[in-house]
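J.: As a plain string of letters, each chain reads:
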Amino acid sequence: MLDIKTLLILIPALPLVAAVLTAALGAPILRTRSHLPVVAAIALSSVASLLLLARMQEQAGQGRGGQETVSLWRWADVAGDGQNAARQEALSPGHSLSRDFRVDVALEADSLTAAMLAIVTCISTLVAIYSIGYMRGDLGYWRFFSYIGLFVFSMTMLVSATNLVLLYVFWEAVGLCSYLLIGFWYERPAAADAGKKAFLVNRIGDVGLALGIFLIWTTYGTVDFREVFAAAGNSAGDWRTTVICLLLLAGACGKSAQVPLHVWLPDAMEGPTPVSALIHAATMVTAGVYLIARCMPLFATSVTAQCAVATVGGVTALLGGIIAVTQTDLKRILAYSTISHLGYMFLALGTGTLLGVTAGMFHLLTHAFFKALLFLAAGSVMHAMGGVIDIRRLGGLRRRMPVTHWTFLVGCLAIAGVWPLSGFWSKDAIVLAVQQRYGSGAASTLFEALFVTATFGVLLIDFYMFRPYFLVFWGKERIPAVAGGHAQESPRVMTAPLIALALGAAGVGAYFAWTGSFARFLAGSPSLAGLGPAMGELPRSGHESIALLSTAITLVGIVLAAFIYLGGPQRAARLARAMNVIGLYSLSYGKFFFDPLYHALVVWPLLGAARLAAWFDRRVIDGLVDLFGWLPALVGAALRPVQGGLVQFYALAMMLGLLAMLGLLLM
Amino acid sequence: MNFNELLQDVVQKDTLASLRAVQPELTLCATIIAILLAKILIPAWKQSPFHLTVIGLATAMFVGFPWHGSAAAAVSTLAQPIFTASLVSDSFTTVVRFFLLTFAMLFAAFAEISTDGEDDRTEFYVLILGALVGMCLMISANHVLIVLLGVEMASVPCYVLAGLKRRQSKSSEAALKYAVFGAGAAGVMMFGLSLLAGGLGTAHLPAMAANLAKMIQGGISPQQITILSLGGLMVMVGVGFKLSAVPFHFWAPDVFEGATAEVAAFLSVASKAAALGLLMRLCSAFAFPADMYFHSPIGELLPQASLIAALAPVRQYIVAIVAVLAAVTCTFGNLAAYGQTNMKRLLAYSTIAHAGYMMMPVAAAVALIRVGSDGVSVDGARDAVASLVTYISIYLFMNLAAFAIVAFLRNATGSEEIADYAGLVRRSPGLTVCMAIVMFSLVGLPPLAGFQAKWVMFYSLIEAAHVCPALWALLSVGLLNTILSLFYYLRVVRVMALSPEPLYREAPTIPLTSMVGMYCGLLTAPMLLLFFALDRVLPWAHAAASTLF
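Chains as they are written, first to last, in the numbering used here: chain Z, 1 to 667; chain C, 1001 to 1549.
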């Protein structure tokens, strides 16, 4: 009854309808029931996604091609010229491409899309349910759910688009939703500024993506993924492919908050916490990862591009981890942790092997669960503590908020990668992929360095996650005054999603890693075809040693955190002093001074130029315009007396005019 | 063929066919008679003859337009010389006449709304309809006598209309000035036409052109050139008077200020459209006398191509006169509009400037007739005429809307001074928005129809400038004027929207939902719609152009 094509349309359509419905009826009719259409639609959407996943798996099991396309309508159709065709022919002889510029609004399901759809919709459902409790009583209640519906629509469209132009449209659409939701409490200047910052920084990346798409079009003569990959396969090693990949990477860096475009994500925490969980941790920020995974056939042809992706990922993973260690705002710690984990995903994708890409996507899946869980748990704390999220002002909450405490702990263990929770499996897979990569293949020195970085990063993860855990939930009970005397566990509607996510964070990794089904399923995607042998046939040697190594590091990290933060504030202060001998503490606490640096290098020069331009406009241009308006008035004033009102003069003027024209002609 | 046969032929074939072609004009005449008879025969009938007028106009529109079939189809079926080729009925006539009738319909509604409950209504409508018949003659004229007849028939009712407010001395003064000036201009034009007809030995316009071509081919003496040039210039005086082209425009500001806004709207649109139609006819006849405008085939006189080739100096002459007049008119109108404090006077100068703009495509069309070794190419000329027709169709709405709002505001405040519009946006936001849209459209800013009008016009001018480099100057004058006009149009909007409301005056509240407001909305909507739906008008504009050249 519900075939893949129908499901593929239903998944984005339901949230869109709900969003429009809520936008139209929210304020006047639905009011406090505004969540109903959106939550219902997203829940149905997630059911549809799971059904789709099952159908896809069924098909893959039967050995049929894992791709289904549904074209809705043709958006653009511009007939091309022969010149372009000739260039294509020269570039990839024998490969006939449509030389017309065609953009279809078409959706396609392959295993990559199906997996992304399932992750997005499932997490969205849980977060939306949680939001019912979290956002209750907010003035913009209906507005919030309308935006959420719009976001789910855009994100599902983004991951199912068949061509780059459509992807770009929804890339911008999720950016818009992000902007709207970061600035959701726009009456707070910090929120409005954060929204603006996110938008502007993303714009830098988006320019890269747009240029990348332009270059793809001029190089391959098409923007359709399948045709691009087919063409790219024929022109391996072309320098243009490398440039395309680097441009796409720039776009991905913006959206996925990678160094150097990561500065917007911590500020984005000004939005409501469910938004941070959904958009700025679990789903939207993974769009960059998805983009690179989707364009893997391009990246596979260029070692330079792979190295760039891996380096960006490795540097980001390390920087994010170091900064997270010293932050005091729980949500910002989680934000830097997100940046760091996205870095891990990029690092995995940068290996360019099937093992690496599936590991990256696998980490995307597990990260979505445990990071959403951690954010929502942090939100639960924030909700109970009257909006306070500074870990220095909190303490000993484990007795008052047992559910939040336990789920947060599960999240911490999962993110730290304690066996057998999900983080363990996905992080191991990444470290293993990097290790395999430097064992065999080009640029082995770089990947060896990245391997060390990744391993060190694991230590940081444990440390920076257990630091807030111990500070907030253990020690002497400290509750800020704004929370009042009635600080208590959050309502059922918020804790239920927490528990569901905790179960997911605990179990999802082990299930997929043991069965190996995730990687096998994902390998069926045409984007990952041609990356090498499937997971099952990979050498497993070294896996155990990696597992042992990372478990050991994990334990060291946790014990270290416990030793420092359970023993009182003096130890932490002493550690900070010791680290500051080489300036490390100040660097970390100051977030490596990216923001002041950008202010000095980019914002101030631009502002100066803008002021200059404004002055020029006001004084010079406006002056000229005023002159233009002033001169004719003067001439007009001189001419007006001619219209004296005497008809004799009019007749005379008529005759004079006639004579003047005659004179003119005779000349 | 003896005289009897000839007479039979004229009466039976020509007249009957011709009468069918002038059905709209006959309908208008019948309406006039019906209104007058009703007034005389039914003394108790005190109502305004508005309904009769509308019925008459609707009937005329119905019979005078090919409602079935496309624009392209209309071109071939319509073209015919009528009444022994003294008039011509073709798609240009049909389309422009349709615009005139549409305008008259809208105008009647406007007059009815704005002058509710006044006497003189019968006279008003009869005069309007009479002038319309004259205008229809102007746009289909193919003979010197019809040119004269049409101009006079269109003018005389207008003199009376200008003086309709008998009790106001300003109105009477305006009417008198108008009549005196008009009489002078008509006299000059008649002199010019007789010079031309005498010099060329016929009064039938295409035949005059054919004779002229023959004279040019056979060598033309300087005396003849002087007489004919003078004749042409004198004809231009008459047309320029109707067009209110500088320096024959002096009547316009006084008359517009003295007459009611309703009459000013009629003069500024209908009169001007008809004058442009006549100008186009005259230019077409002398620059490119097509076969179909002759009573008998032209082949008897000269082969077509050589005829048109021989007329090249005439075309240069026409382009020069029209272009110079257009540039001067446009610039003068815009400059003089600065500093006007009376809204109707400002609009008077604005219409003068627009007359200048609308003369530009005429020059472009004539310049774009190209005679090469491979025949005559008229595609560019057709585009230029089409741009003129498009401009007229948009101008019709713009100017009527401007005058309508002025009239409604006069009814509400009793003032036509711009200063008295201050702060109207607070009382009548809808009306102010309508006014702003109209003003922006008159400037020619997108996304309003006025932009499209200027766009097609300047485009054809660019095309023409490629052929005749002197027209680059005309183009730059036109563009510069568009910028100039921005200031005084926007001043009106600024006063209405930004100036504070005076304390001592209750500004009128005219909601968009009132009759007046809805009418303004109806007129303003095409400003926006035509910008996007211009392709509804363009085929007809092209159809109108395709028989002229």
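Mixed in with the good hints, there may be bad ones.
Said to hold, decoys possible - Only part of the chain C face toward chain Z is listed, based on derived beta-carbon distances under 10 Å:
# : residue
1 : Y1159
2 : F1181
3 : G1184
4 : F1248
5 : Y1338
6 : R1426
7 : L1538
If you are wondering where the hints come from, they were derived from the structure by calculation, not from laboratory data.
Note that the Cβ used here is the ideal one computed from N, Cα and C, for glycine as well.
J.: Each of the hints needs a verdict: does it hold here or not?
T.: Evaluated hints:
no.	hint	result
1	Y1159	violated, 13 Å
2	F1181	holds, 6 Å
3	G1184	holds, 5 Å
4	F1248	holds, 5 Å
5	Y1338	holds, 3 Å
6	R1426	violated, 26 Å
7	L1538	violated, 23 Å
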